[in-house]
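Construct the entire structure; sequences and hints are all you get.
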Amino acid sequence: MASVQEKFTEMTWPSSPEKATLEAKNKFLGFWFFLGGETVLFGSLFATYLALKDKVPDSSHPLAKDLYSMDLTFAATMLLLTSSLTSVYAMYHMKNFNFQRMQAWLLITVLLGAAFLGLEIYEFNHYVHEGHKFTSSAFGSAFYSLVGFHGGHVAFGLLWILSLMVRNAKRGLDLYNAPKFYVASLYWHFIDVVWVFIFTVVYLMGMVG
Amino acid sequence: MSTYAHKKGFGATIWDYLTTVDHKKIGILYLMAGGFFFLVGGLEALFIRVQLAVPNNDFVSAGLYNEILTMHGTTMIFLAAMPLIFAFMNAAVPLQIGARDVAFPFLNSLGFWLFFFGGVFLNCSWFLGGAPDAGWTSYASLTMEAHTHGVDFYILGLQISGIGTLIGGINFLVTIVNMRAPGMTYMRMPLFTWSSFVTSALILFAFPALTVGLFLLMFDRLFGANFFDVAAGGNTIIWEHLFWIFGHPEVYILILPAFGIFSEIFATFSRKRLFGYSSMVFATVLIGFLGFMVWAHHMFTVGMGPIANAIFAVATMAIAVPTGIKIFNWLFTMWGGNIKFTTPMLYAVAFIPSFVAGGVTGIMNAVAAADYQYHDSYFVVAHFHYVIVGGVVLALLAGTHYYWPKMFGTLLNETLGKITFWLFLIGFHLTFFIQHFLGLMGMPRRVFTYLPNQGWETGNLISSIGAFFMGIAVIILLINVVMTQVKNVRVGNDPWGDGRSLEWAIPSPPPFYNFKQLPLVRGLDPFWIEKMEGKTEMTPAEPLGDIHMPNPSFLPVTISFGLFVAAFGALYHVDGKDWALPVLFVGMGITLISMLLRSVKDDHGFHIHKEDFENEDKGGRA
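So the sequences go chain by chain: X and F. Everything in the first sequence is counted per our numbering, starting at 2 for the first residue and increasing by one. Everything in the second sequence is counted per our numbering, starting at 2 for the first residue and increasing by one.
Derived by calculation from the structure, the hints in this document are not laboratory data. No residue lacks a Cβ here, since even glycine has one placed at the ideal position from N, Cα and C. A hint or two may mislead.
[Stated by the list, open to error] Straight-line Cα separation of at most 30 Å, DSS-like style, residue types lysine-lysine; simulated pairs: (1) X:LYS26 to F:LYS602; (2) X:LYS20 to X:LYS8; (3) F:LYS517 to X:LYS8; (4) F:LYS602 to X:LYS8; (5) X:LYS96 to X:LYS20; (6) F:LYS488 to F:LYS341; (7) X:LYS28 to F:LYS602; (8) X:LYS20 to F:LYS611; (9) X:LYS54 to X:LYS28.
[Unchecked claim] Covered stretches of chain X (chain F as the covering partner; in silico rule of three or more C-beta atoms under 8 Å from a C-beta of chain F): (10) 21-35; (11) 51-59; (12) 112-120; (13) 163-177.
[Unchecked claim] If you anchor each label on the Cβ, the simulated ranges turn out as follows: (14) X:GLU131 to F:MET596: 35 to 45 Å; (15) X:PHE75 to F:ARG447: 50 to 60 Å; (16) F:GLY64 to X:THR136: 23 to 33 Å; (17) X:ARG102 to F:GLY524: 47 to 57 Å; (18) X:GLY173 to F:THR186: 51 to 61 Å; (19) X:GLY153 to F:GLY337: 52 to 62 Å.
This is the structure we're talking about:
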């Protein structure tokens with residue numbers, strides 16, 4: 002088993018650095034299990050949203066079909082899906098021991114994620130002005146909880162990837178930090194998959210009424 | 002408690018336990034904290050039975066009774082039974098699979114401290130305006146109407162300790178998948194390891210549902226959301242579903258490790274291989290799977306309709322099949338065995354009829370049409386105490402006696418152990434058997450008193466007397482523990498003489514690195530195989546080499562303490578107190594800064610070099 006402090010070159014770098022040590026294997030598997038738990042977490046939030054969709058106190062409150070717009074959510078979806086692709090490029094360069102390019106692609110990923118978050122904040126602000134608030138109806142509570150939990154995950158993912166980039170900027174790749182980059186990218190993909198479901202279940206199904 | 006600890010000062014020992022990442026010491030911490038909360042929950046149970054001993058009693062008021070009843074259930078499930086199960090998982094599982102530690106030693110410690118601070122936070126409610134009073138299920142229709150902070154203590158306390166439990170579950174899943182010794186295939190794992198594995202998977206998939214439920218409740222109570230406010234479009238049934246999607250797997254989270262402990266005990270003291278090992282594994286996995294399919298049998302009377310009720314009724318009855326497989330396998334393990342009736346074995350034998358009685362009433366409750374009659378009556382109270390006390394608590398007491406030598410290096414006194422056993426068993430049946438009939442005679446659960454001349458007086462008095470038998474049994478156990486530790490008669494590797502799995506092949510308590518050389522596992526019951534070939538220890542699977550060990554850390558305590566502080570801020574923020582928001586930020590700051598410290602400071606652990614093992618034999622530390 003390779004040592005975590007060993008110095009590598011492009012030639013000696015293992016082909017799957019995210020699973021090259023026992024610690025890395027544990028981290029890799031443990032994170033997949035964690036994502037299994039997160040699936041149940043979001044599943045519960047989706048179920049709650051579906052049960053409370055369009056449940057409002059009186060007819061003065063806007064419903065899903067009055068609120069959602071395709072332009073905004075389509076743009077947000079494209080931003081987040083592209084960020085998933087760029088994080089794949091980052092991991093490609095990580096596996097090829099190209100630290101600078103990995104950092105560059107991670108930076109692009111972070112920028113795309115931040116743009117997504119910006120759109121989401123704009124969207125929430127817009128809805129609040131239309132009378133769709135966290136505290137105004139059960140529909141509002143369920144909507145902001147589900148989409149907000151996802152947004153919170155995006156924000157946490159941004160901080161996570163950024164702190165990994167800053168922390169390791171000077172020392173490059175080794176078998177201690179390679180699995181950390183890898184599970185952060187797994188997390189980023191998971192957030193993306195959840196968004197695909199939010200786009201479908203919340204926005205598309207919301208727009209058809 | 003180890004000889005090593007005795008050589009150090011008191012302060013140094015405390016510091017050692019605060020910073021430890023060693024699974025054996027974390028097991029001891031879980032045992033002490035879980036044991037403490039078990040005593041607290043037991044006292045609450047005694048108060049309940051004193052209040053109900055005679056009709057029209059005024060030992061406690063109606064409001065206080067609701068608080069005691071809620072805290073009894075919550076404490077026993079979340080703060081006593083689960084931590085005690087984690088105590089044995091920590092003490093035994095890494096040893097049983099031949100590992101030097103768990104997969105995530107730091108997270109193991111973090112899981113314990115989160116549970117501990119969550120439990121302390123929940124119990125702070127007693128001194129800060131009153132405990133939660135909406136039942137351990139805290140149905141939203143009750144919690145939305147609760148006007149003290151009790152329920153908020155429940156929400157935040159369980160949220161903190163729940164994170165700890167989830168972390169523990171992931172840790173054991175990865176440990177069992179990745180860290181088994183050479184030759185330890187899945188189908189050679191001891192049954193306790195198997196049941197810990199399935200339980201950890203249940204924790205992973207069940208707890209997030211509770212997390213979400215608690216979040217929704219917190220949003221409603223503290224942040225003005227409307228999930229459960231019917232006037233704003235909310236629906237209180239959502240809480241019931243989320244709670245039981247967690248809550249039903251939870252009872253299997255508790256009972257499967259109990260099954261595992263008993264499987265070990267039956268095989269050891271019958272001096273036979275466990276009968277039907279593969280069917281036991283299959284039944285364990287199947288119970289775990291079906292455990293997720295039956296949550297709505299707690300909600301037959303909600304009005305889900307006949308089709309939903311029928312599906313959940315049939316699914317519930319199906320669980321009786323794998324459970325029956327297990328019962329017969331245990332009986333056949335004893336059949337023709339050379340049985341030794343030690344204290345753990347007495348518990349195991351008594352467990353079978355007690356648990357079967359609870360299972361039979363479970364099938365009765367599963368009949369949805371009949372459940373309308375049993376629902377919310379003492380019949381249900383009798384049922385779940387038969388499975389939880391007759392199953393889980395008997396297993397925890399058996400496990401305490403069985404694993405004590407491996408955890409502390411001393412053997413609990415067998416005579417006192419048997420006295421504890423008989424008092425507890427008699428007290429248990431005395432308390433709960435009669436409650437079946439009280440329920441059938443119409444006594445509802447959760448009432449703080451009742452009127453005379455309904456035919457309930459004798460039954461309630463008998464039940465209350467039984468509770469004191471159990472109380473005395475636990476006191477004798479405590480005396481036994483103190484006496485045993487004061488006498489401090491050290492025992493060898495295999496104090497029961499018939500140990501079958503790997504933990505009995507190494508010293509009691511094991512050195513901090515567990516195995517000097519990883520053992521070679523050649524079949525089920527690996528140590529027994531070696532013994533049958535006349536050997537006294539395991540064949541090593543590797544030459545003597547350097548061992549990598551993790552560093553101790555104080556950060557798990559500070560991370561958990563930060564959340565503990567922040568929870569007070571969140572709780573009092575709703576009262577408009579000026580200091581609440583700063584406290585929330587300070588608490589979260591402590592947690593986040595501790596997490597940041599953990600991230601930026603590389604922790605590579607340390608190595609024990611093979612040359613140091615000679616010093617180790619002389620008592621020094623590597």
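Hints the structure fails to honour: Hint check: 9, 12 and 18 fail, others pass.
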